[in-house]
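Q: Sequence:
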Amino acid sequence: MDLCIDKKVDFLLLAGDIYDVADKSLRAQLRFRDGLARLADAGIPAFVVHGNHDHCSGWRAEIKLPDTVHIFSDKDVESRPVVRDGREIASVSGISYPGRAVVENYSSRFARGAGTPFAIAMLHCNVGGIEGHENYAPCRLDDLLRKGFDYWALGHVHNRAILNPAGPCVAYPGCPQGRHPRETGEKGCLLVRVTENSDVAVEFFSTAPVRWESVAVSIEGIADDLTLLENIEDKLFRFRAAAGGKPIVARVLLNGRGSLHKNLVRASYAENLVQELRSRLPAAEEDFLWLDSVRVATSAEVDKNELADTDTLLGDFLSLVKKGRVNQDLKAELRKTLAALIEHPRAGRYLTVPDDDELGELLEAAGDLAVDLLWDGEE
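Numbering-wise (the numbering used here), the sequence shown opens with residue 6 and increments by one.
There's no promise every hint is true.
Taking lysine-lysine pairs in the DSS-like style, the calculated list, with each CA pair at most 27 Å apart, reads [stated by the list, open to error]: (1) K240 <-> K267; (2) K80 <-> K29; (3) K251 <-> K240; (4) K341 <-> K328.
Hint data in this document are derived by calculation from the structure and do not stem from the laboratory.
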């Protein structure tokens, strides 16, 4: 809202998932109303579509929004003009989600109106089946390009991505603030400038007051615990410097092979490391650097590929792990084995079916654990 007012924008587009849940809290709705009221006072209209997280079937408080706000219907695509100084400068089209799971390709419902000076389409969707996101309102980039719009304002994917730079511009701005540790890095919004000839220039602005980061630190070549501690601390401060000094919440991943592995796998070692680092890092309210966790994914100073070729129980197991990372039949068998646990009425609430990358990480961790338990130090 501050950026809109500071840059004196003509209007604001919000392409869905304003709220994280369908039954949004009263406090969240009031905060949203207050922000829109600030824009209204500055003469800035807002156009809103609701997506899978905040779909129209969820609970909504009886709160009147400013007249300058238009929330698009979940029945069909609507179009609204944007007027400046008595002249229509653009048209905005959009549609909201009636429920959480929309499997229809909503892009097929869009059509550019005749005589529109600059046509904008707002759609909460998954273009091209982007991994890590539910395939809601699925469509292809070609579906959007051939519709004749000048700009596609997309929602649903929380990472910034310009799918097509111009003719038309198709863009995911990402989310303005990372919500959890997996939404790392710079988050913000896109400021779109349009010339009289309908040429588009897109500029990213960082808006997140706090940044999540995932920091990897290798133990290779590190001989003692104090040096490891200092290396982690140095890496964290470098990440914060790269973030312009903004507050950071970090998760550290320790990887690589080294002699310190035997210490890192000891019970409570990682938690003790977290506590010690927290005592060293700045904790000021507006200048904090918070360590959320340390995950150990290190291994002993041993070549697991060579061990896999040995005629031993450990060698047989590591060979199976190695094959499991590339053999689709073995992966399918492993998923079938895991299914019983995932479908358990209690455990299943906390587990999800692993994708290929996660399955690979599980196999790698199993191999490391086998080395820790079975390797006698001699190849």
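Q: So which hints don't hold here, by number, going up?
A: Hints that this structure does not satisfy do not exist here, as all of them hold.
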